[in-house]
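Student: Take a look at the letters that make up each chain.
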Amino acid sequence: MLTLGLFVVISFVVSLAALAALIWAISSDQFSFSQRQARIIFEPDEEGQLDDPTISPRNGRSTHGNIEPTKFDLLRSSIDASTARPVSVLIGSAVLWLVIGSAFGLIASLKLHLPDWLDTQAWLTFGRVRTLHLTLVIYGWLSMAGIGIAMWVTPRIFQAPLQSPTLAIWGTIFWNIGLVAGVIAIACGWSDGEEWLEIPWQIDGLLAIGGALCAVPLIRTAFTRNVEHIYVSGWYYLAALCWFPALFVIANIPGIFVGAEQATVNWWFAHNVLGLWLTPLGLGAAYYFIPKIIGKPVYSYALSLLGFWALALFYSQVGIHHLIGGPVPTWVVTLSIVQSVMMFVPVIAVAINQHVVVARNMWAFRASIPLRFISLGAIMYTAASFEGSLEALRSVNTVTHFTQFTVGHAHLGAYGFTSFVFFGCLYYMLPRITGRDWPLPSLIAAHFWLVVGGFSIYFVALTIGGWLQGEAMLDATRPFSASVILLKPFLEGRSVGGALMTLGHLLFAANVIAMFARGRHPASAEGSVA
Amino acid sequence: MSDDRRPVDERFEPYEPRRRVPLPVYWIAIALAIWGTLTLWRDAHAGFIAGRQRGDEAAADTRRAAAPGADLFLARCSSCHQPDGSGIAGAVPPLAGSPLVKADPSVVVRILLRGIDGPITVAGQHFDGHMPSFASVLDDDQLARIATYVRARFGDNASAVSPSDVAAARAWAAGHPGPWRGGDEIRAALMPLLEPQPAYVASLIAAPDPSILALVQHGTGGGWSCASCHGDLGEGHGDAPRIAGLSSPYLLAQLRAFAGGARTSDAMAPVATSLADAQKIALASYYSQLATPSASVPALQGALDRGEALALDGDSAKGIPACFSCHGSSGFGVAPAFPPIAAQQPAYTAGRLAGFARQAKQGSHALMPSVAARLDDADRRAIADYLATLPPVPTGTAPPAEQH
Amino acid sequence: MNHPEEPAEAEPLSDLKKGQNTSRGIYAIAGGVMLFAFGALVAGVIHSHGEQADTSKSAPADGKIAFTPPPESKIPDGPGGDSIRHGMAIFRNTGTEAAQYVGNGLTCSNCHLDAGRKPLSAPMWSAWVSYPQYRSKNKKMNSMEDRLNGCFSYSMNGQGSPSGGPPPKGDPIYTDLEAYFHWLATGAATGAKLEGAGFLKLKKTPLGYDRLRGQVVYQQHCAECHADDGQGRTDLNSRSIFPPLWGPHSYNWGAGMTQVNNAAGFIKVNMPLGAGNTLTDQQAWDVAAWIDSQERPKDPRQKGSVADNAKAFHNKEQSFYGKTVDGHLLGTGTPPAH
Amino acid sequence: MNRSLPLIILAMAILAFATTLLVIVPKFQIGHEPAPAGLHPYTAQQQRGRDQYVALGCVYCHSQQPRTPDQAPDAERGWGRASVAADYAYDSPHLMGTMRTGPDLMNVGARLPSMGWQLSHLYQPRAISPWSIMPSYPFLFEVKDKAAPGDTVVWLPAKSAPPGKVVVAKPEAIDLAAYLIALDRTYPVPSTAIRDDGYAKHGAGR
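Residue numbers (our numbering), protein chains in the order written: chain A, 14 to 543; chain B, 72 to 475; chain C, 17 to 354; chain D, 841 to 1046.
Chain A extracted, bound-state conformation (with noise of 0.2 Å):
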């Protein structure tokens, strides 16, 4: 007992001095850095003009007149046209599987309310199409759409064109290859049974391998880089690169873990997936459209430094806030409350160094839907943060534990902060990788609005019934069945809105299918502007 203890106080103690050693680094200068390294790739005029390709002349929107090609366009060109390939394939991927997905998701949510609806078939039970929809869009949207934004960004901050981008492509259909294998064994009930890891371990192979291949040509690519300084988008593509293929690796082998443990792996995995994978593949996205969007720079440099190895530090030992009050032992439950709380400090960080930029710069948040989603997601993160600090509190975990207002938290996380940051880098990064103006741009307005309304719904929904419900579980003399009851205008409330985002991303859908089926544009495929 003494020695877990010991434990307990040694970890957090190590946390603790890690944070007050980068603090005084950064205080006190110790990161040798050259602001000019990092910004002699700009113009003096560069700054202050809206970069949204989104806004074309053809719909009577043009923010900045014709600016002469440089030198660094050139460049940027051919680095973009290296990139172009495999980016589209995971992008094209990645939107496939988010209609997919979320169309599981809405027959999951309207299940939960009209129980009676396709049951006569196995693969269409609940537990079976939720579990389809987690996968889909974690492993088949997220993940590739993420990966996609990084292989897009990280060639353009390291200006270096990317490094053997077939082997991304290779990638791409391996991770492609294993989804399906994987979704199909989960609908016909083959699965690992631990959430967020159903896809059989014997099949995981391919998506490791599939992961790893897209990694190597971005990894090549930084240590080819031809700036001495990487930007803060980079520190967080390089480690999530790094970190989620060992995440993967070792939760899903076989046979190591049981009962008890496993489900502190499983949480450790779980929520790493958030922190460690999901969360610097948008935070990173973030980081480089805000400004680019804007035209001007984020806040600090030191902010994004403590927020970078801030996260690193708390985010990774917060996942057994999963059990708490559940069989494993007390201390690494309370490692993971405290470690969850001290998660403010890296999310400050970060929600300064973003959302101080939007807001001395309301007019691009007005101009530019890219720009909209992408801040707006960055709030969601602030926002589930907190949140997420608040609920592993023990007296707030009491009631929120084991109800919708989890499943409201994860959506917070994965769908507003994650999937809106996404697709704001979509609508930007589409026009640049084929050379096109979206064809459809009215339905981006209507993709925004749909996804905005249809989530505010869900998420209130979810929140308020998740926490009667919490409520009424505490209440003894409340019997079960009351939780119940009162959950269902929620669940009802849930389905509306996911209904309305399923909607927005098949609006979504059809806009990319457009782009793409007009093909790429003949002067851009050149990699050259002249």
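Keep in mind that the hints were calculated from the coordinates and are not lab data.
Source: prediction; values computed, not measured.
There could be a bad hint or two in this list.
The calculated DSBU-like cross-link candidates involving lysine-lysine, where the alpha carbons are at most 35 Å apart (straight line), are [said to hold, decoys possible]:
hint, chain 1, residue 1, chain 2, residue 2
1, D, 999, B, 432
2, D, 1010, D, 999
3, C, 332, C, 319
4, C, 90, B, 389
5, C, 219, B, 432
Partial list, computed: chain B residues near chain C (C-beta under 10 Å) [as the list claims (entries may be wrong)]:
hint, residue
6, 95
7, 109
8, 151
9, 385
10, 388
11, 406
12, 440
13, 465
Here a beta-carbon is modelled for each residue, glycine too, at the ideal position from N, C-alpha and C.
Fit chains B, C and D to the given chain A structure using the hints.
Tutor: Frame of chain A, contents of chains B, C and D only:
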């Protein structure tokens, strides 16, 4: 036209200006670090407390084991036989001065193991008693301590009883199921010199109809079998209650209430609805006659001391009357409206009390809702667990032999 | 290369900068500690507020002193404690512990609920501090023993007991009961007006009381426990659990409970047991009238006719004694029990 | 932050540190707990039923981890004592769950030991609990005109039974019900058993 347009040129690539971390970020980080340290300390302390709570139970067990039986007597016997062993005139025979207590040690032990059902004369006074069997709720060691205490105090310091004596008597009792049939049988089997005892007149209990037994055991004739939830002998499981030995009118009233919707239960409603009234009557009669050993053990981590206090004395500060002030001494029930509550499954008791509290919140002023509304979670668990430690109501007959 | 938002380029650390860092560090730590203290303060205020809401119940009423008797576990050891315990046992099991002097199926604690502890059911801690006292019932200064003698005579129907009357003067039963009362009143001031003393003085209702209305109330709220015939109920060992309210096993016509106002006050606060104060005042009056208009053992003070006795002892009472109900003259008495 | 290799190494070191704390140390601590004497490995039939439980995704609505009375009234609902790490000694995959859209099932076998009830409930939960939102599982059953010898006929209340036909449980349904009935962890555990005791307070729950 626009198709031939190149995408708008980009000029800006993001970078980060050099700016110091704002002081409020440091403040928050430091405040959180202090909070985290305190939380770690407090939770480590909570683990320590939980360990000690569990340890306390163990310590209490050891304490009880070390006690010479006085506390067991007070908890188990005194509510009927009175703390001074004087019994209750016309109801419960005295222990003080009883020849049964002074006789061979096996007499007290065998009575404790089997209970008594029928007329008995003690010290010239006539009783028509029903003493419960403690075989299912106390272990050999506890029974030995009670017997030793009773004999020492009320039997002129008669010799002590050892757990092995109890074990031997238990083996013997296994071949003699059911309670002693009055003083007559005790006199015949154990104490020929006992004063003349009234004759035991077997009450005529009709053997259950085969169709009712089929209903009970296999569910033939409507619903899931009773036994599949309530146990082979109606002893109950989890939150399925013990129904053996509950009075026939009470059981019948509940079956009708489930069927009519006056009492709600997801599991009972479909069954009660599908049973014909004659079946309900027969089932109520069948279960009221079963004398089944207790299968209840405390399971809710309730405080047994608190439960005992509430059951015997209530809590005047909270306006809670004693359970036994209506449900009879030892929780044996008062027919027809007040069911036996002794040896009930604790999850059922606690859940039922919570349900009554719910009714009170919904505006009911009926008796149980009014009382249950004043019990909190810990009280409900305490009462439920305490009642689970009591011997079952000593009524009816031994279960049909073919079910053993 | 001119970025207006940019602070000055990083330069080698000067002593001035070092000093700035130190002061910033001090500000950071002080601010953090203050923020934590502020947070703790806010959390503490919320917490203590929640606790206060729970305990802000008991407010003193009309100048009377609130009193709580000591818990049973505080009974001292030794011979004094034994006497207290025996007094408590007599109080709870009067028919067993004082069998010689009890002529019905009641115990003291049937009316003095919770073994004489419960407020407004004539608790013994308040009784103890108000004796000796002049009582118009017997027109003399009564000691506690005199009062107890009266209880045995009337409420316990001593005339029907094996000894034919209450315990004789000086009997240890009195001593032990008084020891118990004395202990219950530990810490109460002699002669003080304690909150919850005696029975509730229930205000009269405009409709007055009516025994037939009371019969309906009785069937609805009382019969489940006390049985339709008012004879109470016993458990399977024939031990009385719900006391008989009238008839040969109940209190006799000399008992204070035969006065409708006393019974109504008792019922209003205490009945149904565990659901007190759920009947309306009118229901309490009516049901008290129904119960007290039933025949019961005769008044032991009766020398001549019921009418004479009514004039001598019952003329100032709200009682059915001596009245004719359904053709029966109440007060005639039930035949002796057994 | 100008070099990628140190960045990657440090990031991985932090993850390794977290993994040690959250995975490896708990594994050794929990691994040292012996399986309770009252806990038995699953029989072949129960294991088949458990596989059905996994395949149908029951875990997404049903937890298997009752909480302490200090925290929640789970025991009062009949869900059993708070579970400890050793209760799961034979569980792989673990099925602790994180949702209670339906009730906790850690001790459902002690609470609802009736095979007949379980089968009826799996066929159509709303035949028993009209408020239930649990899926029905008709594909685990056959609807026949007449039961063959050896068939397990499922009793249903008149309003839910297919008219003129009988519902017979397939082996999968019987396996699943057998697993549910085997879920009974009501045996005692030692006072040193591992679980999260963070809700214990002075005087609370005692």
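Student: Please go over all the hints and tell whether each is borne out by the structure.
Tutor: These are the hints, each one checked on the structure:
no. : hint            : in the structure
1   : D/999 to B/432  : 33 Å, holds
2   : D/1010 to D/999 : 22 Å, holds
3   : C/332 to C/319  : 19 Å, holds
4   : C/90 to B/389   : 19 Å, holds
5   : C/219 to B/432  : 29 Å, holds
6   : 95              : 7 Å, holds
7   : 109             : 9 Å, holds
8   : 151             : 7 Å, holds
9   : 385             : 7 Å, holds
10  : 388             : 8 Å, holds
11  : 406             : 8 Å, holds
12  : 440             : 8 Å, holds
13  : 465             : 8 Å, holds
Checked against the numbered hints given earlier, the structure satisfies every one of them.
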